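Mind docking chain H on chain L? Use the hints.
Order-wise, the sequence lines are chains L and H.
Under the numbering used here, the residue at position 294 of the first sequence is numbered 347, and the numbers go up by one with no gaps.
Under the numbering used here, the residue at position 286 of the second sequence is numbered 339, and the numbers go up by one with no gaps.
In short, the hints are calculated from the structure, not lab data.
Note that this is a predicted model, so its numbers are computed, not measured.
Each residue gets a CB set at the ideal place from its N, CA and C atoms; glycine is no exception.
The reader is advised that the hints may include incorrect statements.
To be verified - Straight-line C-alpha distance at most 27 Å; calculated DSS-like pairs for lysine-lysine: (1) Lys279/L - Lys279/H; (2) Lys279/L - Lys80/H; (3) Lys250/L - Lys215/H; (4) Lys243/L - Lys215/H; (5) Lys365/H - Lys438/H; (6) Lys407/L - Lys279/L; (7) Lys408/L - Lys472/L; (8) Lys438/L - Lys412/L; (9) Lys234/H - Lys279/H; (10) Lys412/L - Lys334/H; (11) Lys415/L - Lys334/H.
Said to hold, decoys possible - Computed, partial: chain H to chain L, Cβ under 8 Å: (12) Val300; (13) Val307; (14) Gly320; (15) Glu324; (16) Asp491; (17) Ile493.
If you want the building blocks of each chain, they are given just below.
Number of protein chains: 2
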Amino acid sequence: MMENGDLREIIENIRFFITEHNEINLKNMLVDTHPADIADIIVNLEEEESEYIFSLLPAEQASEVLAYLPDYSRAQIIEELEDERLAELVDEMDSDDATDLVSELPEEKAQKVLEVIDFQDSREVKELLRHEEDTAGGIMAMELIGVNENSTVDEAIEQVRKRAEEVEEVYYIFVVNDQQKLVGIVSIKKLILSSGKTRISAIMERDVISVTTDMDQEEVARIVKKYDLVAVPVVDEQGRLVGRITVDDVMDVVDDEASEDIHRLAGITEEVEIHETSTLKISRVRLPWLLFAFFGEIGSAAVMSYFEASLKQILTAAFFIPIIMAMGGNAGIQSSTIMVRGLALGDIGLLHAKKQIFKEFKVSIINGLICGLLLFLIIGLLFSKLEHPFRFSAVIGIAMFFIIINATIVGAIIPLFLKRINVDPAIATGPFITTSNDIIGLLIYLGLASIYLVYFA
Amino acid sequence: MMENGDLREIIENIRFFITEHNEINLKNMLVDTHPADIADIIVNLEEEESEYIFSLLPAEQASEVLAYLPDYSRAQIIEELEDERLAELVDEMDSDDATDLVSELPEEKAQKVLEVIDFQDSREVKELLRHEEDTAGGIMAMELIGVNENSTVDEAIEQVRKRAEEVEEVYYIFVVNDQQKLVGIVSIKKLILSSGKTRISAIMERDVISVTTDMDQEEVARIVKKYDLVAVPVVDEQGRLVGRITVDDVMDVVDDEASEDIHRLAGITEEVEIHETSTLKISRVRLPWLLFAFFGEIGSAAVMSYFEASLKQILTAAFFIPIIMAMGGNAGIQSSTIMVRGLALGDIGLLHAKKQIFKEFKVSIINGLICGLLLFLIIGLLFSKLEHPFRFSAVIGIAMFFIIINATIVGAIIPLFLKRINVDPAIATGPFITTSNDIIGLLIYLGLASIYLVYFA
Numbered sequence: 054m055m056e057n058g059d060l061r062e063i064i065e066n067i068r069f070f071i072t073e074h075n076e077i078n079l080k081n082m083l084v085d086t087h088p089a090d091i092a093d094i095i096v097n098l099e100e101e102e103s104e105y106i107f108s109l110l111p112a113e114q115a116s117e118v119l120a121y122l123p124d125y126s127r128a129q130i131i132e133e134l135e136d137e138r139l140a141e142l143v144d145e146m147d148s149d150d151a152t153d154l155v156s157e158l159p160e161e162k163a164q165k166v167l168e169v170i171d172f173q174d175s176r177e178v179k180e181l182l183r184h185e186e187d188t189a190g191g192i193m194a195m196e197l198i199g200v201n202e203n204s205t206v207d208e209a210i211e212q213v214r215k216r217a218e219e220v221e222e223v224y225y226i227f228v229v230n231d232q233q234k235l236v237g238i239v240s241i242k243k244l245i246l247s248s249g250k251t252r253i254s255a256i257m258e259r260d261v262i263s264v265t266t267d268m269d270q271e272e273v274a275r276i277v278k279k280y281d282l283v284a285v286p287v288v289d290e291q292g293r294l295v296g297r298i299t300v301d302d303v304m305d306v307v308d309d310e311a312s313e314d315i316h317r318l319a320g321i322t323e324e325v326e327i328h329e330t331s332t333l334k335i336s337r338v339r340l341p342w343l344l345f346a347f348f349g350e351i352g353s354a355a356v357m358s359y360f361e362a363s364l365k366q367i368l369t370a371a372f373f374i375p376i377i378m379a380m381g382g383n384a385g386i387q388s389s390t391i392m393v394r395g396l397a398l399g400d401i402g403l404l405h406a407k408k409q410i411f412k413e414f415k416v417s418i419i420n421g422l423i424c425g426l427l428l429f430l431i432i433g434l435l436f437s438k439l440e441h442p443f444r445f446s447a448v449i450g451i452a453m454f455f456i457i458i459n460a461t462i463v464g465a466i467i468p469l470f471l472k473r474i475n476v477d478p479a480i481a482t483g484p485f486i487t488t489s490n491d492i493i494g495l496l497i498y499l500g501l502a503s504i505y506l507v508y509f510a
Numbered sequence: 054m055m056e057n058g059d060l061r062e063i064i065e066n067i068r069f070f071i072t073e074h075n076e077i078n079l080k081n082m083l084v085d086t087h088p089a090d091i092a093d094i095i096v097n098l099e100e101e102e103s104e105y106i107f108s109l110l111p112a113e114q115a116s117e118v119l120a121y122l123p124d125y126s127r128a129q130i131i132e133e134l135e136d137e138r139l140a141e142l143v144d145e146m147d148s149d150d151a152t153d154l155v156s157e158l159p160e161e162k163a164q165k166v167l168e169v170i171d172f173q174d175s176r177e178v179k180e181l182l183r184h185e186e187d188t189a190g191g192i193m194a195m196e197l198i199g200v201n202e203n204s205t206v207d208e209a210i211e212q213v214r215k216r217a218e219e220v221e222e223v224y225y226i227f228v229v230n231d232q233q234k235l236v237g238i239v240s241i242k243k244l245i246l247s248s249g250k251t252r253i254s255a256i257m258e259r260d261v262i263s264v265t266t267d268m269d270q271e272e273v274a275r276i277v278k279k280y281d282l283v284a285v286p287v288v289d290e291q292g293r294l295v296g297r298i299t300v301d302d303v304m305d306v307v308d309d310e311a312s313e314d315i316h317r318l319a320g321i322t323e324e325v326e327i328h329e330t331s332t333l334k335i336s337r338v339r340l341p342w343l344l345f346a347f348f349g350e351i352g353s354a355a356v357m358s359y360f361e362a363s364l365k366q367i368l369t370a371a372f373f374i375p376i377i378m379a380m381g382g383n384a385g386i387q388s389s390t391i392m393v394r395g396l397a398l399g400d401i402g403l404l405h406a407k408k409q410i411f412k413e414f415k416v417s418i419i420n421g422l423i424c425g426l427l428l429f430l431i432i433g434l435l436f437s438k439l440e441h442p443f444r445f446s447a448v449i450g451i452a453m454f455f456i457i458i459n460a461t462i463v464g465a466i467i468p469l470f471l472k473r474i475n476v477d478p479a480i481a482t483g484p485f486i487t488t489s490n491d492i493i494g495l496l497i498y499l500g501l502a503s504i505y506l507v508y509f510a
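Okay, chain L solo, but in the shape it has when bound (with noise of 0.2 Å):
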């Protein structure tokens, strides 16, 4: 294992290398370091140095270190690979890194490697190719162990041996009937302590857990992450054994899907490769909801010509719209974004949606009598010019307490609202309640000095 502090040295001492083409020493210190340390190595080298060191691992270490590889780097690497060589890598890999792989090359390209391959790889890739990228079927491998129900513990074991190469992980192994569906499942743990004439059926656990090819990614994460799952059986429409998924691959999905919803808070709903060299492409993904508040904000220029007048009378009203604004906004976004995890992670539930609405309500009062009653004193000490400072820094402060309560409000109902009508709550959480949260605040705000210019001025 390499300790974080230590990638910098390595990697200038592999450069240091690299520039006197000091080959043997390159490759002794390849042999011995774990695929992943050298995808990480690989990442924080140039281009060329990168496909240098991949040119020096042997076919074995080289696919597994693809199969570590982030998506951007990988994509170069095999950008410059020769077919005879993708193809070698790729007979080397598990089913699912495989597909991974296959699917990311041009068509002409991937053609050319299913044809080289191995027959029977060749025909799982082709299979998996078949599901949704971010469906059961589209992440699961088909490398596991099945037995039928009516083996023995010996002849299970003895699968497990046959293919001991093939498939490197195995904590499970899966039950099948004799119309191949999946009927129970056994931990290696219990084969190794029953004795090998028992039948399988016997030891075998029937409740199995398991997933469809169609399953959606996510919810197969929620369903690993319940149980508490080291691997999960999946199965088709028939209830047939296809796959199976493992947890490193569930961990993947739930990082993924965390920085989905964390984007989308951010007003990014679209994904982009995060190394994508694009500046058009990453500039498109984020304009949408620029745009939208963008013109959400054309609204707020309206408000505030619509009380031009108020705003000509006492112009000392303008000083305090950004704070109005900020305020709001910040107190929307953190009640939308405890709503947004709290919905994604399944820890609030529709059920008691009434009970967290009250709560933030409760929230926001407190908040926005500590807020308002600040801004009342410290306007009304700065602008003691003015001919009744308290008087008026009284309704600036009562702006702020119903905006800040409005925009907590407004932060809370709209996720769940979302989430009721099966929209994503992070996806219109974040600018979509800011812009609003601003419209609402001016109308607010400004409603409030000129009743106040109307009556008391």
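Below, chain H without anything else, positioned relative to chain L:
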């Protein structure tokens, strides 16, 4: 396994049986239900109902349900339990879950439970309580199979058999030398495929990936994810094997860390239980950044008051303060969120920081141009009653262009800077960036507007 949609129906049935006091039907329903599902049911019942349901469960099932319950719900349940029943449940638990539970009890109750439970369990819990909650020692369990390197495969299997009840999930056995130092690891699969007389040292993997008791749980999660582990051994400062962490516990850490980042981005820097009932506590956690923004925006008011003369001359300029602020805010949140998440997952490294900032710069030019141009056209057309509508709108459009560039770059640089000085980028990013962008944005905008007034109006 319970389907997601079934929950509502099951809860209705359970409620019906509860009102009918139909204990037999309830017990029958529960006996075959997975503890994770029972936990789901309990979370969705009223407090009294869930305590009643929990009281019907046999000790082993009840202890598993407790481990699956979220903190707030577990706290509710154990508050009502007799000391004796509590001790019985703790006895049934794995050491990590038992420690979690005992650490949540009031001092006195915890003491009582520790006195009553099995001596070995009590020693383990006391040992585990010594570690910080968010370190490897704080989340590890002591149930593991460790064998001496000189033992044989048969002896190792005998170990697994002897402790089968206590150590439920076994995927690896850990190998120690005579000084109890961790020297290797053997998968159960390898064990099953090796002949009984083989020495463990001959088949073990010597390059073990392990973590130390004081390692931060986030770092543990990073390692488990990076190397695709199912369980990782924990060693003390002397390298002696003291525990293990399984992937399901790491999965919880991954979720927690993502939540922490998401909340921090929203200006909630201290964690509070999502089902916290004290309004004061929730409000206190949200106040710091609200107040930070508050005083920052008092700065905005100062900036505006500095430009009072210009604003008096051309009040229309004030109408576009919301759009200027909002667009800067959104652009800054987009770039900072990408950075914060990329840094958290390791997708963005400090080594390539300059490249990332330059990319953000290019993106901001495009988006700034589009938004600036749009604003130029819209204002020019809408405010045609001004003397030089397009001259005025050009100034505002140019301000928009620079403000989007500034906000994007600030949003990208601050997280990278925080990471470099070893501060969590998420913690100071959200409200900090928004607030500083507001002030800089106003300076740019009102500065340009004043120049326009002096030279062109």
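When the nearest CB of chain L is found for Ile493/H, is that gap smaller than 8 Å?
12 Å, violated
Compare the distance between the alpha carbons of Lys407/L and Lys279/L with 27 Å, and conclude whether the hinted pair is satisfied.
25 Å, holds
Assess, step by step, whether the Cα of Lys408/L is no farther than 27 Å from the Cα of Lys472/L, and give holds or violated.
OK: Lys408/L and Lys472/L at ~16 Å, within 27 Å.
Take a quick look at whether Lys234/H and Lys279/H sit within 27 Å of each other, Cα to Cα.
24 Å, holds
Quick check on Asp491/H please, does its C-beta sit within 8 Å of some C-beta on chain L?
6 Å, holds
Cut-off 8 Å, beta-carbon criterion: hint that Val307/H touches chain L:
Hint holds; Val307/H Cβ to chain L Cβ min 6 Å, cut 8 Å.
Next pair to validate is Lys415/L with Lys334/H; report whether the Cα-Cα distance is within 27 Å.
11 Å, holds
So, as I understand it, the hint says Glu324/H touches chain L; can you test that by seeing if any CB pair is closer than 8 Å?
Since chain L brings no Cβ nearer than about 11 Å to Glu324/H, farther than 8 Å, the hint is violated.
When the nearest CB of chain L is found for Val300/H, is that gap smaller than 8 Å?
Hint holds; Val300/H Cβ to chain L Cβ min 5 Å, cut 8 Å.
Holds or violated: Lys250/L to Lys215/H, with C-alpha atoms at most 27 Å apart:
21 Å, holds
Agreement of Lys438/L and Lys412/L with the hint, judged by alpha carbon distance not exceeding 27 Å
41 Å, violated
Per the CB criterion, is Gly320/H less than 8 Å away from chain L?
OK, holds: Gly320/H within 8 Å of chain L, min 6 Å.
When the structure is compared with the earlier hints, violations turn up for hints 8, 15, 17 and for no others.
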